[in-house]
Amino acid sequence: MQRNHNHTTIVTVEKVINETPTVRTLVFSDEVMSQALPGQFAMVWIPGINELPMSIMISEESGKTAFTVRKHGSASTGLFNIEEGQQIGVRGPYGNSFDVKEGNLLLVGGGTGLVPMMRLLTFVKPTDNVTVLIGAKSKDEVFFEDLANSLLKNNSHKIIVSTDDGSYGEKGYVTDLVEKLVSENPYDGVYVCGPEIMMHKTVLAANSKNIFVQASLERMMKCGVGICGSCCIGEDLVCKDGTIFDGNHLSQNKEFGIFHRNKAGILENY
Amino acid sequence: MEPSITTSIGQIQLKRPVMLASGILGISLDVFNRLYRSGAGAVVTKSLSTEPWEGYPNPTIFSIGGGGWMNAVGLSNPGAPNFAKMIEPNNDVPIIVSLVGSIPKDFELMIKQFENCKVTAYELNLSCPHVAKVGLEVGDDPELVKEIVTTAKNSTKTPVIAKVGLGTTHYLKTVGTAIESGIDAITAINTVRAMAIDVETQRPILSNKFGGLSGTPIKPIALRCVYEISSKYDIPIIGCGGISTWEDAVEFFLAGASAIQLGSAIGDNWISVFDDINKGVLKYMKKKNYSTIQEMIGLAKKS
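Top to bottom, those sequences are chains B and F.
If you're matching positions, the first sequence starts at 12 in our numbering and goes up one per residue.
If you're matching positions, the second sequence starts at 873 in our numbering and goes up one per residue.
Extracted from the complex, chain F is given alone in its bound form (with noise of 0.2 Å):
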């Protein structure tokens, strides 16, 4: 029989294992359809927050080599309102709703604007390493996380994610706080906070100075994170840093990932990446006489 790359995050279920990450690509339905079509299992929107930001002046986003990517984009996006209007049409395409906030009510607030929307999960952003008073200050704070995602969860019966990253709290922690609190998967890791500096002109590249490193560099460390929450907590896992090939993909399965973020790759190989990872994960999963990919989730633990 023909293995099946449909994978479980909990409650939520997925044609396939391969998704947008959220910042990237994710302000319009059209393109939201066209990555659906072009192999994503779901697509995570871009960060919204309770009114549109523009974000920082450019240059926001630009390639270190090496599959590595610098943005610091400051979570350019049109506000809940105005997204969960323009999503309304949706019916086909998974998509999961990214925000960010700074108090409880913030996510309260918006996730109420998405009542008449299909929408598949909620992803709660505690890991933006560049934007002040979001992100990762939030995500840095154990009694917020705390509040935040139970105010979250009373807030609607759609699942909710929290997205961890690497702040000044171990992520280990926050993962705890959002599990204790009622989160329903986590999603693992967010960009690193990073920089850049042109030796030329001698000064930081990056409007905002300080960025988050993604895509190929940060992958190892991605994987380590899935692991060591895999290990320590019984929760599904999103595994999100620096995937660009079926096999990147597979290790974070083998890691203890039920399911994938990406977003870099698109910066180097284009949407074609969705689509090369999904066949790439069924020519492996023949080989290893698979039929699913929850057989090989985790793998990896044994020993």
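Bound conformation, chain B alone (with noise of 0.2 Å):
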């Protein structure tokens, strides 16, 4: 029978493995997942606990996938909990795709944010030249620099990492580091994902120097498949429409980088 991508499927967490001391990667066996579009989303069910959406993260190994999850409320610490052996439900892929480009790329990741991007490297051209920017509060919480480096072998590339306090890499906001480099670099394409507030202030730089650039942007879900509308961001449904949408089209859009909705669906600054 075909498998029903609106219902849940059961799969067994195969290794957890510790990024930082609240990140942990769960690697699972699933080929429907393990082919996911860099930027697309799963809705993850544990078991008496909740369902959350998480965005697909790669495996090294050929027909396993992965979500890389940060233990922040119940639903992702239940997720973050979940040992070697244990279910989780999991329906998707969903949502839209980035639009890979080719040449000049840069990427920003902050803190999980990071998961499309390593997806969207195993994407990249070996013609490509790719800068990856890493963002994190401290040097306990930088994780997949190793990987990015990995992942990039064949290419022409940079890993800048940095953190707020200093403590590892540059010191100081990736989003100074993006304007810096924006205005530097003829980027073909910009990619970022992370908190709200750093995916603004990347799209305008990007914009005010009309550089392609994309943002993947999270917002609460319930239903992932455009029943519910707890995601909507002005007219935009982040499931459907997205989650990934293009500078132009969010420079636009009344509520990106100011509001999010709460449970009840009432609009709250950020």
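Possibly wrong hints are sitting among the right ones.
To be verified - Just some of the chain B residues that point at chain F, by a computed CB distance under 8 Å: (1) Asn17; (2) His18; (3) Ile21; (4) Gly59; (5) Asn61; (6) Leu63; (7) Gln98; (8) Gly100; (9) Val236; (10) Gly240; (11) Glu246; (12) Lys251; (13) Lys274; (14) Gly276; (15) Ile277.
Claimed, not checked - Taking lysine-lysine and the DSBU-like style, the derived pairs with C-alpha atoms no more than 35 Å apart in a straight line are: (16) Lys274/B with Lys887/F; (17) Lys265/B with Lys1151/F; (18) Lys1005/F with Lys274/B; (19) Lys274/B with Lys984/F; (20) Lys274/B with Lys1029/F; (21) Lys274/B with Lys957/F; (22) Lys1018/F with Lys1045/F; (23) Lys957/F with Lys265/B; (24) Lys26/B with Lys1081/F.
Think of the hints as simulated: they come from the structure by calculation, not from any bench.
As the structure is a prediction and not an experimental result, all values here were calculated from the model.
The C-beta atom is built at its ideal place from N, Cα and C for all residues, glycine as well.
Dock chain to chain to rebuild the complex, using the hints, since each chain is given by itself in its own frame.
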């Protein structure tokens, strides 16, 4: 029988990787999810706890895929606490994917916003010149630096880490570096995923230089399929129209970078 | 002459007969505008309560296949006062405000909030199958139905619709009570109380365990209800339940519905479903030589 992408499929977590004290990667086998396009997400059920949208992480093993989760609220902490051998449910993949440009690319990821960037790196051409900007609060919270290096071993590339407290890499906010980089380099494409303020600043910076930019947005989600409306931003539904949006489109959106909706659907300031 | 797909549900005039059902996509005016542009004749809001509600934890919505969907969102909504403020700028979109509450006073208070808004109608949710103290628990109590409908009718000149479902009191009795209390139209039906269990983890999938079944599997049930209501009572009916194609829509017209609502079909077909149905209905009308929707309403009851 053909798999119903809108119904949960149960998978067993085969490996748990501690990325940082608060971030783990859970690896599992799933042919469908392993073929997700960069930026696509799944709705992930933690039985008895909750269900939440997760960007689909890559695995180095064929046919396997993963989620990389930071413990934050009850749902993400529930997923973080899943151990090897335990079961979770997945449905999807959902959403659109990054429009992969060629040439000189800048990928910006804050925290677990690096997840779609890692999958995007598996889609770059060997001729592309790729810069990956990794933003983290402190040295303890830096992850995927080695992974990005290994994924780009055949490319001309640069990995830049910036930490808010300067304990590793460059000191300061990642957005200051973005502004500097886009003013100095004629990028063919800029891709960003992370906290919304970071994405907002990145989009503004790229737009001001007429550089193609896409951001992967995050909103409260219940259904993932355009029924519940929880993830609306202006007239767009993040689950159906996104999660990836072009910078030009986002610059017209009155909510991007300013508001999100809470569980009751009320607009709240970032 | 080109047939017209305009329709009227009592006093309510709509340019197109297919509406967005309550509970679906209904929290932002920008989205309402988009749905209207996409072909919806009206949008019904999420059921609003006097206070904001967060609803149940996930999982709250998933497909069971075959066009069937399960949900127990738990009536999450921003509350009537916040919502009224949000739709105040609306001028273009026919908005039907769905309301949910436990006592007559709730409905009076909520309707007051919309004094400065353009509201096409109110729809009283007397049939949500998965939230305690409201919805079906109210709809199953004829005395409460009578008081709520009377209070709502006395609170506004705008038409008031009652949405009924399959509870422990026969829905035809609830419809009768609502009509006696002055209701302007009936929406039938709501989702049907149901559940799904995951065989691997051996637990109910919905966090609330029980939820409402919607989509294709309930269409024949909803159609039967519309037919029964229109056979027994002289009241405008809005058909709702599993409609995803123009053929489904026509079936409901033939059973006696003046207009239809859909929701689950959006999960399978996204919002092009509105325009697809409008076009299909129009084509059918040309073929059958009807100039108005009115001409086919209830035709299946002839013989």
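Here's how the hints hold up against the structure:
Taken as an interface hint, Asn17/B checks out: its beta carbon lies about 3 Å from the nearest beta carbon of chain F, inside 8 Å. This hint holds: His18/B has a C-beta 5 Å from the nearest C-beta of chain F, less than the 8 Å allowed. Because the beta carbon of Ile21/B sits about 4 Å from the nearest beta carbon in chain F, less than 8 Å, this interface hint is met. A hinted interface residue such as Gly59/B counts as satisfied when its beta carbon comes closer than 8 Å to some beta carbon of chain F; here the least separation is about 7 Å, so the hint holds.
Of the supplied interface hints, the one on Asn61/B holds, with its beta-carbon coming within about 5 Å of a beta-carbon of chain F, less than 8 Å. Because the smallest distance between the Cβ of Leu63/B and any Cβ of chain F comes to about 7 Å, under 8 Å, the interface hint for this residue holds. Restraint check, Gln98/B versus chain F: the minimum CB separation of about 6 Å is within 8 Å; hint holds. The beta carbon of Gly100/B comes within 7 Å of a beta carbon in chain F, closer than 8 Å, and the hint placing it at the interface holds.
At about 5 Å, the closest approach between the beta carbon of Val236/B and any beta carbon in chain F falls short of 8 Å, and the interface hint on this residue holds. Annotation: interface hint on Gly240/B holds; nearest CB of chain F at approximately 4 Å, less than 8 Å. The interface hint given for Glu246/B holds, since its Cβ lies 4 Å from the closest Cβ of chain F, which is under the 8 Å cut-off. Against a cut-off of 8 Å between C-beta atoms, the interface hint on Lys251/B holds, since the closest Cβ of chain F lies about 6 Å away.
Annotation: interface hint on Lys274/B holds; nearest CB of chain F at approximately 4 Å, less than 8 Å. Nearest Cβ of chain F to the Cβ of Gly276/B: about 4 Å, under the 8 Å cut. The hint holds. Proximity of Ile277/B to chain F holds as hinted, the smallest CB-CB distance being about 4 Å (cut-off 8 Å). Restraint check: the Cα-Cα separation between Lys274/B and Lys887/F comes to about 33 Å, which is no more than 35 Å; the hinted pair holds.
Our distance criterion of 35 Å between C-alpha atoms is met by Lys265/B and Lys1151/F, whose separation comes to about 33 Å. Simply put, Lys1005/F and Lys274/B have alpha-carbon atoms about 21 Å apart, close enough for the 35 Å limit, and the pair holds. Between Lys274/B and Lys984/F, the direct Cα distance comes to roughly 25 Å. Compliance with the 35 Å bound is thereby established for this hinted pair. Straight-line distance between C-alpha atoms of Lys274/B and Lys1029/F comes to about 33 Å, which keeps the hinted pair within the 35 Å bound.
Distance hint between Lys274/B and Lys957/F is fulfilled; the C-alpha atoms sit about 18 Å from each other, no more than 35 Å. Simply put, Lys1018/F and Lys1045/F have alpha-carbon atoms about 11 Å apart, close enough for the 35 Å limit, and the pair holds. Using a Cα cut-off of 35 Å, the hinted pair Lys957/F and Lys265/B holds, with the two alpha carbons roughly 17 Å apart. With a CA separation close to 30 Å, the supplied pair Lys26/B and Lys1081/F stays within the 35 Å bound.
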